[in-house]
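Participant: Sequence:
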Amino acid sequence: MESRGQGRFDEFTSTEPSIEDQKEEEFYNARSSMEELSANLDKQNERKTNLLTDLQHLRQRIEEKGVANGGVQKLLPLLYSLKALERQESVLQSIYDDKRSQLQAEVNELEDKIAAAWDIETLSKDLDRVLSDSLEKLNSAKKEQAAQLRAILSVKRQIDDIPTESELVQYERRFSELNAYIQEKHRQTRKYYATYNALLEIKELMLKETSLLNSISSQFQDAITSTDGRMKLIGSMEGIVKSSQRKLQKVQVGLQEEQKACDALKKRYAAAMAEQRRCYSLLKDFQEECTKNDRLQSRSCLKQHGCLV
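Start counting the sequence shown at 1; every next residue gets the next number (the numbering used here).
Hints were generated in silico from the structure; no laboratory data involved. All values reported here derive from a predicted model rather than from experimental measurement. The C-beta atom is built at its ideal place from N, Cα and C for all residues, glycine as well. Among the hints, a few may not be true.
Said to hold, decoys possible - Below are the EDC-like pairs computed for lysine to aspartate or glutamate, each with C-alpha atoms no more than 16 Å apart in a straight line: (1) Lys242 x Glu209; (2) Lys292 x Glu201; (3) Lys284 x Glu172; (4) Lys142 x Asp97; (5) Lys99 x Glu136; (6) Lys247 x Glu201; (7) Lys143 x Glu89; (8) Lys142 x Asp42; (9) Lys137 x Asp98; (10) Lys125 x Glu109; (11) Lys43 x Glu109; (12) Lys232 x Glu201; (13) Lys99 x Glu35; (14) Lys137 x Glu35.
Stated by the list, open to error - Pair ranges (Cβ atoms, derived): (15) Glu258 x Glu209: 40 to 50 Å; (16) Lys142 x Glu177: 50 to 60 Å; (17) Arg59 x Arg87: 17 to 27 Å; (18) Arg87 x Glu184: 50 to 60 Å; (19) Gln188 x Ser244: 19 to 29 Å.
Please construct the entire structure, taking both the sequences and the accompanying hints into account.
Facilitator: The structure is reproduced here in structure tokens:
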């Protein structure tokens with residue numbers, strides 16, 4: 001029986017060698033698909049190792065430097081989602097291992113069939129079925145891997161969106177520079193307005209003085225020719241002098257009030273500077289205590305959720 005079967009198989013293969021070559025090529029394609037799946041699994045393991053390394057670096061940064069309370073609150077959900085993805089990855093890894101063992105068993109079965117010289121038509125059908133199943137499983141695995149990679153990249157982007165300590169320091173420095181620039185512009189603007197108002201007041205006084213001198217000059221010749229005119233001119237000049245003295249006294253009183261207000265502002269400024277220095281000292285101590293508190297809270301939360309050993 002074996003000799004007749006072997007003779008019939010040799011006769012069939014001798015008449016149609018191209019079909020056997022085609023089936024062998026399909027067998028090699030199935031093996032290459034399995035190797036490709038194995039390579040994809042190795043890449044997935046490498047990505048998992050890189051992700052665990054990034055997570056370890058992030059834990060070290062949290063332990064050494066400490067982060068803001070809001071940053072920790074944003075980071076904890078991301079860490080939980082990352083651990084969930086790791087668990088999902090382990091499940092997928094076990095599924096991939098089962099599929100790989102199944103494919104290896106099918107390949108071994110096909111090798112046994114070829115070695116046992118099965119019927120070419122039956123072997124061709126089996127190879128087609130195995131190849132189609134393998135391609136379908138490979139495409140499904142690629143889709144799952146792509147979805148998992150997109151989820152991991154999304155988590156990484158959310159982690160990168162949290163500003164680091166150096167970025168926060170740079171933001172604070174830039175805001176301080178902007179505040180100083182605005183204060184300088186405000187001081188210059190007030191100085192220019194004060195200069196403009198003083199010059200405008202001087203201009204009004206000079207116009208009044210010019211008008212008074214013109215009036216005296218036009219009436220002097222008529223007033224000096226008669227005794228009544230001279231008396232009126234003297235009375236007018238005395239009135240002008242008294243009015244100027246009253247204005248001078250009023251201006252001196254205003255100057256004294258401004259001087260008193262200036263002295264009071266200087267005293268308030270000195271007191272405010274002393275209070276500011278005291279507040280800066282208290283704020284520095286408060287920030288140090290807040291940093292210590294945030295560090296302890298973050299480590300406590302991570303220990304409770306199993307993210308920190």
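Participant: Run every hint past the structure and note whether it holds.
Facilitator: Each hint tested on the structure:
1. Lys242 x Glu209: With a Cα-Cα distance of about 15 Å, the restraint between Lys242 and Glu209 holds, given a limit of 16 Å.
2. Lys292 x Glu201: Judged against 16 Å, a Cα distance of about 60 Å means the pair is violated.
3. Lys284 x Glu172: Roughly 15 Å between the alpha carbons, so the hint for Lys284 and Glu172 holds.
4. Lys142 x Asp97: 15 Å, holds
5. Lys99 x Glu136: 12 Å, holds
6. Lys247 x Glu201: Distance ~14 Å between Lys247 and Glu201 Cα, so the pair holds.
7. Lys143 x Glu89: 14 Å, holds
8. Lys142 x Asp42: The given pair, whose Cα atoms are some 13 Å apart, holds under the 16 Å limit.
9. Lys137 x Asp98: 12 Å, holds
10. Lys125 x Glu109: 14 Å, holds
11. Lys43 x Glu109: Distance ~28 Å between Lys43 and Glu109 Cα, so the pair is violated.
12. Lys232 x Glu201: This hinted pair is violated, its Cα atoms lying about 30 Å apart.
13. Lys99 x Glu35: At roughly 12 Å apart (the allowed maximum being 16 Å), Glu35 and Lys99 satisfy the hint.
14. Lys137 x Glu35: 13 Å, holds
15. Glu258 x Glu209: 40 to 50 Å: Violated: the Cβ-Cβ distance is about 23 Å, outside 40 to 50 Å.
16. Lys142 x Glu177: 50 to 60 Å: With Cβ atoms ~52 Å apart, the hint holds.
17. Arg59 x Arg87: 17 to 27 Å: 18 Å, holds
18. Arg87 x Glu184: 50 to 60 Å: 57 Å, holds
19. Gln188 x Ser244: 19 to 29 Å: 35 Å, violated
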